[in-house]
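**Q** The listed protein sequences correspond, in order, to chains A and B.
Taken in order, the first sequence gives residues 1 to 306; the numbers are from the numbering used here.
Taken in order, the second sequence gives residues 1 to 189; the numbers are from the numbering used here.
Hints in this document: simulated from the structure, not taken from any laboratory.
In this text the structure is predicted, and so the values were computed from the model without any measurement.
Heads up, some of the hints might be wrong.
Unchecked claim - As a list, the in silico SDA-like pairs of lysine to any residue whose alpha-carbon atoms are at most 25 Å apart:
# : chain 1 : residue 1 : chain 2 : residue 2
1 : B       : K17       : A       : A103
2 : B       : K3        : B       : I42
3 : A       : K197      : B       : K61
4 : B       : K188      : A       : E94
5 : B       : K163      : A       : K92
6 : A       : K197      : B       : G157
7 : A       : K109      : B       : T176
8 : A       : K92       : B       : K17
9 : A       : K112      : B       : K61
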Amino acid sequence: MKLAYYPGCTLHGTAREYDASTKAVCKTAGVDLVEIDDWNCCGALEAILDKELSMGLSARNNFKAQKTGLDLVIPCSICSHNLSRADTAMKKDEAFRTKIERALGEKYKGVKIKHLLDVIVNDIGIEAISGKFKKSLKGIKAVAYYGCLVVRPSEVSKFDNPENPVSLDNLIRSTGAECLPFTQKTKCCGGNLLMSKQDYAFILTKKLFDEAKAIGANCIVVACPMCHMLLDGQQTMVEKAHNTVIDMPVLYFTQLIGLAMGLSERELELDRNMVPASKLIGSIGKGEANVVVKAAGKAQVAEAAE
Amino acid sequence: MIKSSELDPNFKYEIAKEPGGENIMKCFNCTGCTVGCPVTEIDKSYNPRKILRKALLGMRKEVLTDDSMWLCASCFICFERCPQDVKITEVIGAIRTIAQREAKAGKIKIGNNKPIFDNLFIDSVKSNGKWYEAGVSGTFMLKTKGIGGAIGYAPMGLELFKKGKLSILPHKIKGTNEIKRIFEEVEKK
Chain A
1 MKLAYYPGCT LHGTAREYDA STKAVCKTAG VDLVEIDDWN CCGALEAILD KELSMGLSAR
61 NNFKAQKTGL DLVIPCSICS HNLSRADTAM KKDEAFRTKI ERALGEKYKG VKIKHLLDVI
121 VNDIGIEAIS GKFKKSLKGI KAVAYYGCLV VRPSEVSKFD NPENPVSLDN LIRSTGAECL
181 PFTQKTKCCG GNLLMSKQDY AFILTKKLFD EAKAIGANCI VVACPMCHML LDGQQTMVEK
241 AHNTVIDMPV LYFTQLIGLA MGLSERELEL DRNMVPASKL IGSIGKGEAN VVVKAAGKAQ
301 VAEAAE
Chain B
1 MIKSSELDPN FKYEIAKEPG GENIMKCFNC TGCTVGCPVT EIDKSYNPRK ILRKALLGMR
61 KEVLTDDSMW LCASCFICFE RCPQDVKITE VIGAIRTIAQ REAKAGKIKI GNNKPIFDNL
121 FIDSVKSNGK WYEAGVSGTF MLKTKGIGGA IGYAPMGLEL FKKGKLSILP HKIKGTNEIK
181 RIFEEVEKK
């Protein structure tokens, strides 16, 4: 499989471990990624509500992808939303298409755009990708966190259920790791308020940690660099603001399946995550020790034998 | 009390003309947007149903100067659940665009910092083609929180820098002239 690749700004900056682990996993899965030439910022969350500007900036990347003749894969949920929305408008909204074609001096035909999670779960398929796994991640008790734009709005992202998505849950389970039921899976992390209303952003982020910890998860798995910025990058700030200890590793799903593929921590750039993943990686293969079992309203610690 | 003599019946048409605002008149005020809103959950002053109702009534000034609309986190839950396909997230965007235009003309004042950050971000994309994280974040802190705020942000910046995640200088793409033309086209009225 050969795909055009749009990393977006964060994957060359704060989310560079997502870029590295995406490339490593795709290589192992036999997917060739061709980065599109001279791409630009999609306008991100900052222009998302300035609809024409956001779609105009995104459309330039679609033109670049169109030149490759390949389908386009995007790991960032914000970029993926923006470029997909621009593709639809370029096809359906003649006035908008005329403006952008005039600006760029080219004709638009269209490009098929997919989020990386969609490509891995549906195009490659869980069965085929798990055929590349070399070790079980038993011992990892994860929650799958989709956030907003991976599955919403469903008129843009069509590959999973917008209220109760399961693709990431199923992928996590295929590694041998446990995936716990998580009612916060599509709640907002507050990413778009990080700079302008940090206290609110941190309240929203903390709610996710509260439930993940309460149900006994030892890591959160994400498919969006903004979610990762809040959950991993800002975790110590959330701890400070709420005077608490969270200590929860947050992995990109590509880092998780990379571990199952037997790829090295270095290749997956796990050392670039702000919250160290070493304890989590140490728990792989350790079975079910210290599982909290809720019996008759009382929590008791059950020591399960290896 | 709402004074009907002060209402602007054209406000809803003004919103409907902005990209994203087209469906505002489909709203029948069912409150579905508001019950699912994660921001309303922590701050009752942000109420998307009220913003839409007031806009439809023509309470132009009250809507445009209501700083709570800058609290929308663009999570798209209301967009997804709206039974009337109002596309509320984008309607909020259309109202924000009008508010920014009014603020630029000196007619209203915006109390929330969100547009300051967004505009710095968009300006950096306009000149580089990519966003300049260190520059935009630093300038924003300096503008909104003063030198103390900028210093307070420094440890986080340093952590990111040490992990190789933050570049001191901006990255510029080759096609910045194309970016400029896109801006010119979408800014045309």
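**Q** Does each hint hold? Answer for all of them.
**A** Hint check:
With a C-alpha separation of about 22 Å, the suggested pair K17(B) and A103(A) falls inside the 25 Å cut-off, and the hint holds. Distance restraint check for K3(B) and I42(B): the Cα-Cα separation of roughly 31 Å exceeds the 25 Å cut-off, and the hinted pair is therefore not satisfied. About 23 Å separates the Cα atoms of K197(A) and K61(B), which keeps this hinted pair within 25 Å; it holds. Restraint check: the Cα-Cα separation between K188(B) and E94(A) comes to about 16 Å, which is no more than 25 Å; the hinted pair holds.
Between K163(B) and K92(A) the CA atoms are separated by roughly 43 Å; this puts the pair beyond 25 Å, and the hint is violated. Between the alpha carbons of K197(A) and G157(B) the distance comes to roughly 18 Å, so the proposed pair stays at or under 25 Å and holds. A threshold of 25 Å between alpha carbons decides the hint, and for K109(A) with T176(B) the separation of about 23 Å falls inside it, so the pair holds. About 18 Å separates the Cα atoms of K92(A) and K17(B), which keeps this hinted pair within 25 Å; it holds.
Pair hint K112(A) plus K61(B) does not hold up; C-alpha atoms about 43 Å apart against a cutoff of 25 Å.
In summary, the numbered hints that this structure violates are 2, 5, 9.
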